[in-house]
Amino acid sequence: GENVEQHPSTLSVQEGDSAVIKCTYSDSASNYFPWYKQELGKRPQLIIDIRSNVGEKKDQRIAVTLNKTAKHFSLHITETQPEDSAVYFCAATNTGFQKLVFGTGTRLLVSP
Amino acid sequence: NAGVTQTPKFQVLKTGQSMTLQCAQDMNHNSMYWYRQDPGMGLRLIYYSASEGTTDKGEVPNGYNVSRLNKREFSLRLESAAPSQTSVYFCASSDHRQGNNYGYTFGSGTRLTVV
Chain A
1 GENVEQHPST
11 LSVQEGDSAV
21 IKCTYSDSAS
31 NYFPWYKQEL
41 GKRPQLIIDI
51 RSNVGEKKDQ
61 RIAVTLNKTA
71 KHFSLHITET
81 QPEDSAVYFC
91 AATNTGFQKL
101 VFGTGTRLLV
111 SP
Chain B
1 NAGVTQTPKF
11 QVLKTGQSMT
21 LQCAQDMNHN
31 SMYWYRQDPG
41 MGLRLIYYSA
51 SEGTTDKGEV
61 PNGYNVSRLN
71 KREFSLRLES
81 AAPSQTSVYF
91 CASSDHRQGN
101 NYGYTFGSGT
111 RLTVV
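Just so you know, the sequences run in chain order A and B.
Sequential numbering from 1 applies to the first sequence in the working numbering.
Sequential numbering from 1 applies to the second sequence in the working numbering.
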């Protein structure tokens, strides 16, 4: 089955800096890669996703890139703000967009 | 539009007790899921239901059972709770039909402690 590894486990940046979180996946058949943000005590919420036929996708200050050859994908957050502080999870699936396999999460701390 | 509703939000059980976690969605999604979240381990799939009338095991199904009661409802049952089942449980739903948003919608979670 699919296996997703996520790095780093924690990331501290200053407000205004960029943050990058990286994930690798094992199954070359995986075709859908979402990213979720989970604030303390809250539910995970989808922030951006990418499908395997696209190399990059942007939404304001966040972007996701996908390298199918290397089987890795990354989340990029520019001009970070304190409200970006949260745990971020990557995920992948090879089963028709269902049954996501999640990474272990990255705790992002943005200091003012 | 409530999205995904989970009950209860908190529960304390004694070892050996049983309980059922309830989940309902009002988005007409076909697929529903139960995940558990433990520190440092991300979200792990317990069971899922690709459509009404079907259920299948995920990564960590031992000690759990599920029922897809109808298209809206998907319950998770612990028959004999163990301390290792102390965790935060999330229900989620999704719609994988072509052209729709594929992302999961999560419920607010159930924090379960087994003593």
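Because the hints were derived from the structure by calculation, they are not lab data.
All of these numbers come straight from a predicted model, not from anything done at the bench.
Beta carbons are placed, not taken as given, at the ideal position from N, Cα and C, and that holds for glycine.
Mixed in with the good hints, there may be bad ones.
To be verified - Derived Cβ-Cβ restraints for the label pairs, each shown as a range:
| # | chain 1 | residue 1 | chain 2 | residue 2 | range |
| --- | --- | --- | --- | --- | --- |
| 1 | A | Ser52 | B | Ser80 | 38 to 46 Å |
| 2 | A | Leu109 | B | Asn62 | 44 to 52 Å |
| 3 | B | Ser18 | A | Ser12 | 37 to 45 Å |
| 4 | A | Glu56 | B | Asp26 | 42 to 50 Å |
| 5 | B | Ser108 | A | Asn3 | 43 to 51 Å |
| 6 | B | Thr5 | A | Lys58 | 29 to 37 Å |
| 7 | A | Gly16 | B | Thr15 | 43 to 51 Å |
| 8 | B | Gly53 | A | Gly16 | 28 to 36 Å |
| 9 | B | Glu79 | A | Val20 | 20 to 28 Å |
| 10 | A | Ala29 | B | Ser51 | 19 to 27 Å |
| 11 | A | Ser111 | B | Gln17 | 37 to 45 Å |
| 12 | A | Val20 | B | Asp38 | 32 to 40 Å |
| 13 | A | Ser52 | B | Glu59 | 17 to 25 Å |
| 14 | A | Asn67 | B | Ala82 | 13 to 21 Å |
To be verified - Once the Cα atoms are required to be at most 25 Å apart in a straight line, the calculated DMTMM-like pairs of lysine to aspartate or glutamate come out as:
| # | chain 1 | residue 1 | chain 2 | residue 2 |
| --- | --- | --- | --- | --- |
| 15 | A | Lys22 | B | Glu73 |
| 16 | A | Lys37 | A | Glu15 |
| 17 | A | Lys37 | B | Glu52 |
| 18 | A | Lys37 | B | Glu79 |
| 19 | A | Lys57 | B | Glu52 |
| 20 | A | Lys57 | B | Asp38 |
| 21 | A | Lys58 | B | Glu59 |
| 22 | A | Lys71 | A | Glu15 |
| 23 | B | Lys9 | A | Glu39 |
| 24 | A | Lys42 | A | Glu15 |
| 25 | B | Lys57 | A | Glu2 |
| 26 | B | Lys14 | B | Asp26 |
| 27 | A | Lys58 | A | Glu5 |
| 28 | A | Lys37 | A | Glu83 |
| 29 | B | Lys57 | A | Glu5 |
| 30 | A | Lys68 | A | Glu83 |
| 31 | A | Lys42 | B | Asp38 |
| 32 | A | Lys22 | B | Glu79 |
| 33 | A | Lys37 | A | Asp59 |
| 34 | A | Lys57 | B | Glu59 |
| 35 | A | Lys22 | A | Asp59 |
| 36 | A | Lys71 | B | Asp26 |
| 37 | A | Lys22 | A | Glu79 |
| 38 | A | Lys22 | B | Asp26 |
| 39 | A | Lys58 | B | Asp38 |
| 40 | B | Lys14 | B | Asp38 |
message = Can you tell me whether the CB distance of Ser111/A to Gln17/B sits inside 37 to 45 Å?
response = 44 Å, holds
Checklist entry - Under the criterion that the straight-line Cα-Cα distance not exceed 25 Å, is the pair Lys57/A, Glu52/B satisfied? => result 33 Å, violated
Ser18/B versus Ser12/A beta-carbon gap, inside 37 to 45 Å or not = With a Cβ separation near 43 Å, Ser18/B and Ser12/A satisfy 37 to 45 Å, so the hint holds.
Inset, instruction - Could you check the hint for me, namely that Asn67/A and Ala82/B are 13 to 21 Å apart, CB to CB? - result: Check failed, 41 Å falls outside 13 to 21 Å.
Take the C-beta atom of Gly53/B and the C-beta atom of Gly16/A, compute their distance, and say whether it sits inside 28 to 36 Å.
52 Å, violated
Given the range 43 to 51 Å, decide if the beta-carbon distance of Ser108/B to Asn3/A lies inside it. 28 Å, violated
(Q) Is 38 to 46 Å respected by the C-beta to C-beta distance linking Ser52/A and Ser80/B? (A) Since Ser52/A and Ser80/B have Cβ atoms about 42 Å apart, the given range 38 to 46 Å holds.
> Holds or violated: are the alpha carbons of Lys22/A and Asp59/A at most 25 Å from each other?
Replying inline: Distance of about 18 Å is within 25 Å: holds.
message: Would the hint linking Lys22/A and Glu79/A be met if the CA-CA limit is 25 Å?
response: 18 Å, holds
- prompt: For the pair supplied as a hint, Lys58/A and Glu5/A, is the alpha-carbon distance within the 25 Å limit?
  reply: 22 Å, holds
| said: Lys14/B and Asp26/B were given as a pair; does the straight-line alpha-carbon distance stay at or below 25 Å? | reply: 33 Å, violated
task = May I ask you to test the hint 20 to 28 Å on the CB atoms belonging to Glu79/B and Val20/A?
result = Once the Cβ atoms are compared, 44 Å apart, the range 20 to 28 Å for Val20/A and Glu79/B is violated.
The structure does not agree with the numbered hints 2, 4, 5, 8, 9, 12, 14, 15, 17, 18, 19, 20, 21, 22, 26, 30, 32, 34, 36, 38 and 39 stated previously, though it agrees with the rest.
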